[in-house]
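Put chain B with the ligands on the given structure of chain A with help from the hints.
2 protein chains.
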Amino acid sequence: MWQLFQFPLCPFSRKVRLLLGEKGVGYELVRESPWQRRDEYVDLNPTGRTPIIRDAARDITLIDSAAICEYFEETVDAKPMISGTAANRAEIRRLVAWFDEQMYADVVAPLLDERMKKRLIHRAPPDGGTLRNAMRAANDHLDYIDYLLDHRSWIAGATLSLADLAAAAHLSVADYLGGVDWTGHEHAKGWYAGLKSRPSFRPLLSERMEVITPPKHYELLDF
Amino acid sequence: MWQLFQFPLCPFSRKVRLLLGEKGVGYELVRESPWQRRDEYVDLNPTGRTPIIRDAARDITLIDSAAICEYFEETVDAKPMISGTAANRAEIRRLVAWFDEQMYADVVAPLLDERMKKRLIHRAPPDGGTLRNAMRAANDHLDYIDYLLDHRSWIAGATLSLADLAAAAHLSVADYLGGVDWTGHEHAKGWYAGLKSRPSFRPLLSERMEVITPPKHYELLDF
Ligand SMILES: N[C@@H](CCC(=O)N[C@@H](CS)C(=O)NCC(=O)O)C(=O)O
Ligand SMILES: N[C@@H](CCC(=O)N[C@@H](CS)C(=O)NCC(=O)O)C(=O)O
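Same order as they appear, the protein sequences are chains A and B.
Heads up: the first sequence begins at 11 in my numbering, then just goes up one per residue.
Heads up: the second sequence begins at 11 in my numbering, then just goes up one per residue.
Misleading hints may appear alongside valid ones.
Selected chain A positions facing chain B (in silico; Cβ < 7 Å) [unchecked claim]:
id	residue
1	I70
2	A77
3	E84
4	T85
5	V86
6	K89
7	A97
8	A100
9	Y157
Bear in mind the hints are in silico, worked out from the structure with no lab data behind them.
All values reported here derive from a predicted model rather than from experimental measurement.
C-beta: ideal position from N, C-alpha, C; glycine also.
Chain A extracted, bound-state conformation (with noise of 0.2 Å):
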């Protein structure tokens, strides 16, 4: 059995989980808190970042969700996720690397520091500036998103990909932490609800970070 590491508001997890969900793999999830850099998890993963997944049975440990995604892409032929031309496949791919490393630095990254880790770590208030910073950020990701989907059915074309699975991983996040105003993106909004319509993505919404509570949307379908 699949073992994934993760904690609820990791969006690289949520990206690996709604993958696995589309393809119907089975896994277990592991509570891993990664700011905790716990010995036995730097011995498996020495970036001690979330997530990773292991098959303790057949000792195998993936790290990395580009690789842990590439990795089911290959042994798991149902529901290509990185599929099409090469061209349309390096597509996707940018787009991944978009929201992995442009959304979750300029969004993500800064409301998981002031909305979570400020709370449960340090125990301080949020910075009001960099919060501001990161809603402004969202917006223009948004921006992004209602763009791309002017000229495409989905964010990287014509088909359900990796590229969307990633988007509203980060998304679901930035939302979870009350850092999306949805107000004027209807584009980004109705390809939002779609994906918050399938079953890879029910489990996901209905989970809970202790002490942090979503605002009233996040959850419903009708936002």
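Chain B with the ligands only, in chain A's frame:
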């Protein structure tokens, strides 16, 4: 004809160039300094980062070094660099991500900031503390490479792979910037000497970044 937009000390561009060199793919270099955020470049690549590779005749633009490497791995059969079982491929991708994220953040980015950007852009002296930390981190990364090579012939397993190219790309930039002390790292040194002598590596080693001179040993096969 492919055009690679890059600057000589960009490690992600070096990784792509090593892959293209190994595979025998021809390309032309276009000099791009991402810190200038040229409008025409940001129009091609919203991240504004290097590298991208573009075939103007076919109007194909590939963005993000990982996506670029996967593209050429998929379209050019010669010298597979992400090969083996799915688990082998995951190990290659894990290590590419390790060097691209950890080694870049711990070693290469601070060296580029202190020894290149401060010189070229800010006309300020480097910060000694930051340089010392980067060099200490370089030593830790060499220890990890020694450890890997204690167990395997190449960084990710029994054959040369993209993980070797990624590691060498980052190390070569750190070495150019005087951040690497090879003393006591016999495994890593032997492995790097082998890579330096490959035809794919020669053109990179003979190139220079304006104003910044590498240490004497940088280009030598016997260092
Ligand atoms: N490139 C990695 C990034 C993983 C990552 O940054 N994870 C975060 C959690 S969302 C982490 O573990 N950060 C370290 C910390 O919070 O201490 C991946 O895609 O798996
Ligand atoms: N994930 C990207 C990272 C590229 C990257 O960070 N490139 C650096 C140059 S080495 C950059 O353009 N930084 C922006 C700057 O220097 O202003 C890739 O693999 O292509």
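Self-check item: Violations among the numbered hints
Solution: 5, 6, 9
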